[in-house]
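Just need the whole structure built from these sequences, with the hints factored in.
In order, the protein sequences belong to chains A and B.
For the first sequence, the positions run 1 to 320 when our numbering is used.
For the second sequence, the positions run 1 to 222 when our numbering is used.
The hints are simulated quantities; they were obtained by calculation from the structure and are not laboratory data.
Errors might be hidden in some of the hints.
Covered stretches of chain A, as calculated for chain B (at least 3 residues, CB under 8 angstroms) [to be verified]:
#1 56-63
#2 96-104
A few chain B residues facing chain A, derived, Cβ under 8 angstroms [stated by the list, open to error]:
#3 G59
#4 G83
#5 L84
#6 G85
#7 G122
#8 S212
#9 G214
#10 L215
Where is the CB? At the ideal position from N, CA and C, for every residue including glycine.
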Amino acid sequence: MIQLEQVKKIFPQTTVPAVDEITFSINKGNICVFVGPSGCGKTTILRMINRLVEPTSGNIYIDGENILHVNSDELRRRIGYVIQQVGLLPHRTIEQNVGLVPRLLKWPEARIKARVMELLEVVGLDPSETAWKYPYQLSGGQMQRVGVARALAADPPIMLMDEPFGAVDPIVRGRLQDEFLRLQQEVKKTICFVTHDINEALKMGDYIVVMNKGKLVQKGTPMELLSEPANDFVKDLIGDDRGVKLLDLTRAESLMMVPESYPVARDCPCFIDAIQPVKMALEVMMKNDSDVVGVRRGDKVIGTLSWTEIKKHIHRISGD
Amino acid sequence: MEVIRDVFLFIFNNSNRILEYTVNHLSLVLTVLAFSLVLWISVGLIISKYDRFATSVIGLANILFVIPSISLFGLFVTIPQLGLGRKSAALALILYAMMPLVRNVYRGLKSVDKSVIDAGRGMGMSTTQILYQIQIPMAWPVVFAGIRVAVVMITGMATVATFIGERNIGRLIHHGITRGNAEMIIAGALVVSLIALFLDYLMGLLEKRVTSPGLRHSSENY
Chain A
1 MIQLEQVKKI FPQTTVPAVD EITFSINKGN ICVFVGPSGC GKTTILRMIN
51 RLVEPTSGNI YIDGENILHV NSDELRRRIG YVIQQVGLLP HRTIEQNVGL
101 VPRLLKWPEA RIKARVMELL EVVGLDPSET AWKYPYQLSG GQMQRVGVAR
151 ALAADPPIML MDEPFGAVDP IVRGRLQDEF LRLQQEVKKT ICFVTHDINE
201 ALKMGDYIVV MNKGKLVQKG TPMELLSEPA NDFVKDLIGD DRGVKLLDLT
251 RAESLMMVPE SYPVARDCPC FIDAIQPVKM ALEVMMKNDS DVVGVRRGDK
301 VIGTLSWTEI KKHIHRISGD
Chain B
1 MEVIRDVFLF IFNNSNRILE YTVNHLSLVL TVLAFSLVLW ISVGLIISKY
51 DRFATSVIGL ANILFVIPSI SLFGLFVTIP QLGLGRKSAA LALILYAMMP
101 LVRNVYRGLK SVDKSVIDAG RGMGMSTTQI LYQIQIPMAW PVVFAGIRVA
151 VVMITGMATV ATFIGERNIG RLIHHGITRG NAEMIIAGAL VVSLIALFLD
201 YLMGLLEKRV TSPGLRHSSE NY
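Given below as structure tokens:
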């Protein structure tokens with residue numbers, strides 16, 4: 001668990017705090033996304049957690065231990081760090097780049113080799129093809145993958161990710177996000193994730209911290225942010241398509257009609273899974289030119305979801 | 001064609017003398033190079049750590065570099081402890097080597113991509129580890145560019161040391177001028193060029209060994 005207590009940072013030769021008395025905590029195994037415009041202090045918070053930036057006042061605890069009392073180099077070796085520019089060492093092979101932290105920790109060479117091969121596989125790169133290459137021989141997307149592998153190398157419980165997928169095109173970014181979420185299901189790291197892209201935040205975050213001008217504006221789950229934005233700043237950040245975005249986070253089962261519509265359900269021209277987002281239901285409806293879809297759990301039809309219900313739902317949320 | 005034949009004839013007929021001069025020339029250049037590398041690379045490292053000295057140190061190197069070599073050689077000869085010969089010659093040449101070496105070491109270290117250093121720190125590398133494992137290896141292409149300039153420059157400038165008693169290829173050129181002997185001048189220039197090319201080639205080989213293949217493709221930009 002990571003806890004921040006009244007953390008404040010004023011950079012030298014400035015008067016306005018870059019981060020102003022921020023307090024919150026991140027639970028083990030969660031992805032917490034910091035989102036906000038550039039200069040809002042989100043990166044500074046991240047860099048304070050691994051002490052690349054020292055707070056002016058306040059305290060930061062990791063599993064109850066005050067990080068200011070730990071040797072900063074040793075602290076950083078226990079925290080995975082991924083940045084937008086990736087920062088691969090261009091003069092080292094991919095194998096050496098990924099094995100960097102294990103080597104700092106003086107792991108036996110055979111264990112490092114095995115770990116690197118395993119990790120390249122995990123992030124979707126062919127180890128025998130990639131390990132001996134130099135960074136300039138890789139594409140942007142491959143470099144980002146290596147960056148993630150490098151951060152995971154020593155199996156740190158915490159990962160700090162500063163716009164880790166920011167430098168690649170939208171298609172690759174989407175794929176990397178999906179793969180990373182799948183990976184997170186297995187590794188269950190505690191992750192601090194910085195982005196300026198609200199869609200990425202909604203997609204990746206278990207929790208979202210919205211920042212503006214060094215201040216914490218709102219924290220909550222993506223659902224909470226979408227359904228109850230704290231103020232106009234958050235509303236603007238989310239955009240005018242708040243209702244539609246919410247459909248992406250709402251499971252079909254939560255809006256479906258049961259059980260009096262059973263007869264209708266069986267006659268539905270199309271079906272979706274109960275746990276699929278409502279957005280998917282819309283897609284299926286449009287494809288089949290239907291106003292209603294059946295909702296299934298496994299093979300069993302458990303309800304229907306109609307266009308009218310969805311409309312009502314959107315209206316409820318975005319109707320100010 | 002006649003001239004070329006005469007030049008080779010001259011070299012052939014005076015091979016012993018030319019060999020002696022060449023050995024002297026090389027030994028001066030290599031002595032200077034050895035001292036310069038140790039001294040100026042250290043200075044480069046120091047000013048990249050203590051940035052506030054950088055401007056003045058590089059400024060000093062630039063000033064030294066523009067002093068006409070013949071006057072610097074002459075000046076050192078008047079200092080009793082140095083006098084005529086190798087000491088003065090070596091010292092002057094070491095000072096000339098300061099500019100390309102210090103400047104390129106400093107530039108090389110400073111040109112290292114900030115995000116790479118940031119990633120290194122973020123992964124828990126100490127300042128020393130960052131210097132030896134990131135900054136220095138990444139600076140090699142720029143540092144070597146400086147070393148190669150210095151080598152070629154020292155080789156050429158060493159000829160002027162003939163005026164303060166060095167018996168090197170410069171003497172061939174100097175005598176050629178005073179006697180109006182074109183073959184002698186050309187032969188001298190030819191041998192000096194060959195020495196410079198040879199040393200540059202050696203440095204190229206060394207550079208290839210030292211510089212990571214991962215940087216080689218980008219080193220073409222410098």
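For each hint, the structure was consulted:
Under the rule that three or more residues need a Cβ within less than 8 angstroms of chain B, the assignment of the stretch 56-63 of chain A is violated, with 0 such residues. Interface restraint, the stretch 96-104 of chain A with chain B: holds (3 residues with C-beta to C-beta distance below 8 angstroms; minimum three). Interface restraint check: G59(B) against chain A, minimum CB-CB distance 26 angstroms, threshold 8 angstroms, status violated. The closest approach between the C-beta of G83(B) and any C-beta of chain A is roughly 46 angstroms, which is over the 8 angstroms cut-off, so the hint fails.
Hint status for L84(B) relative to chain A: violated, with the closest Cβ pair at about 46 angstroms, above 8 angstroms. Taking 8 angstroms as the C-beta cut-off, the interface hint given for G85(B) is violated, the closest approach to chain A being about 43 angstroms. Restraint check, G122(B) versus chain A: the minimum CB separation of about 4 angstroms is within 8 angstroms; hint holds. With its C-beta approaching chain A no nearer than about 3 angstroms, S212(B) sits inside the 8 angstroms limit, and its interface hint holds.
Annotation: G214(B) was flagged as interfacial toward chain A, and the flag holds, the nearest CB pair being 3 angstroms apart, inside 8 angstroms. The interface hint given for L215(B) holds, since its Cβ lies 5 angstroms from the closest Cβ of chain A, which is under the 8 angstroms cut-off.
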